[in-house]
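Chemist: Produce the entire structure from the sequences given, and follow the hints as far as they go.
Sequence lines, in order, name chains V and L. Take 1 as the starting number for the first sequence in the numbering used here and just add one per residue. Take 1 as the starting number for the second sequence in the numbering used here and just add one per residue.
Incorrect hints may appear among the rest.
Computed cross-link-like contacts, PhoX-like style, restricted to lysine-lysine with a CA-CA straight-line distance of at most 25 Å [as the list claims (entries may be wrong)]:
| id | chain 1 | residue 1 | chain 2 | residue 2 |
| --- | --- | --- | --- | --- |
| 1 | L | K77 | V | K265 |
| 2 | V | K250 | L | K32 |
| 3 | V | K210 | V | K353 |
| 4 | V | K210 | L | K56 |
| 5 | V | K210 | L | K48 |
| 6 | V | K321 | V | K265 |
The hints are simulated quantities; they were obtained by calculation from the structure and are not laboratory data. Small disclaimer: the values here were computed from a predicted structure and weren't measured.
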Amino acid sequence: MPKILILGGGTGGTLLANLLARSIGSQAAITVVSSQVQHYYQPGWLYVPFGQQDPRSLSRPERELLNDKVELVHGDIRELDATAETVTLADGTRLDYDFLVIATGSQVAPEDVPGLVEGAHHFYTHEGASRLFGALQEFDGGKIVVGVGGLPYKCPVAPLEFTFLLEDFLTKRGLRDKTEITYTFPIGRCFTIETVAEVAQRFLDDRGIKVETFFNLELIKPAERIAVSMEGTELPYDLCVMIPPHRGAKFLQGHALADGRGWVKTDRATLRVPGHDQIWALGDTTDLPISKAGSTAHFQASAIAEQIAAAVEHREPDARKATYEGHVMCFLEVGHSKATILDFDYSGPPQPKTPNALMHYLKMAFNKAYFHIVPNGWV
Amino acid sequence: MEHITITRESDARGSFCPGPLMELIRIVRDAKVGDVLAVISSDDGSKKDIPLWLTKAKHELLGTESVEGATRFICRKTH
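Modeler: Dropping the structure here:
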């Protein structure tokens, strides 16, 4: 019986395992390796700093989300040997495979930017979001700088969403008039996609939020409370929220299949690792210049599932199902109970509609329904 | 530009998010001073965005060339 080994129990790895269990679960042995017992719904951390989400409700045991036909192994990965087709865990356990999917995601690396750990907050981990909640509870006015602190980073719209929710939060607490909010972004507009930037800029202007473009964070001076960009701009702050740069899994950093920061070389259509027909990369793990986001992994998982199922069943894959066409879909929350949706692929950018209450409540409903509809492949 | 050896290149065709300029900034940040870097973009906006950022960040645009309907931007990290 062929062995399918999936490294990573996040959205992509879990969904892929369940799709394969349903289609070829009786013809293959499917194993997921996860370093964590719990599966986290990371987009929910956006709401934790504002007291709108209990972080304890954002995780479930990974075992409960997996089909019974899938074996789950807990452990940290020490080594991937693509020649011997084995994966070794930190405790020495060795797993071999016929088909391998690397879906180990991304981790924040605030230590990569001088002063970032000591001088700034973020909401990209359970701990970071909880700490920022405490800081906002104590905040009583001043200068807040929010921005992107390094590249790449996942969930690209999240810093914008945080800025809008922050403005809403400060207004409701009666602190808006005493606070100057500055949003920073690495390029010459407030978001990468021009159509989205146009919509977002209108809301930033309406809410009196300053925008500092071409701001690529170089360092933070915690003692002086100043954020400095590589373009030479200095922004003083009382509270700084900067999304740290991300890295791939530690065992991939400098690996022959990846670059120095651990992003796995990946074909943009097949998601195969070039030169290795039996290895795929999925989700944040890839080196593709596309959004690192749950929806990306979600749409990629079905393409990989079709390729592996076809190989196990000794048939040609259905080309339409087996090709990833760059599909990404995400909500953009603009505060004051309004949101819009961004839906696009390699063929063209999104054309976002005017943010409205319906999309906001759809986003809230999706957040609540995630554990029931995404990992099992219902959507 | 045949004599230029590109240290690292990223194919960002069809990438709207994070997009070709963000991809270029990412690889510039990871590179060593003196490295020659390239990004391929199919987005017309890159023709304005990329030279503007390179000027602002004081890196050197070595040139551009057409690649199957897209554009390859080649630059050198200077500091």
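Chemist: Could you tell me which of the hints above the structure violates, numbers in ascending order?
Modeler: none
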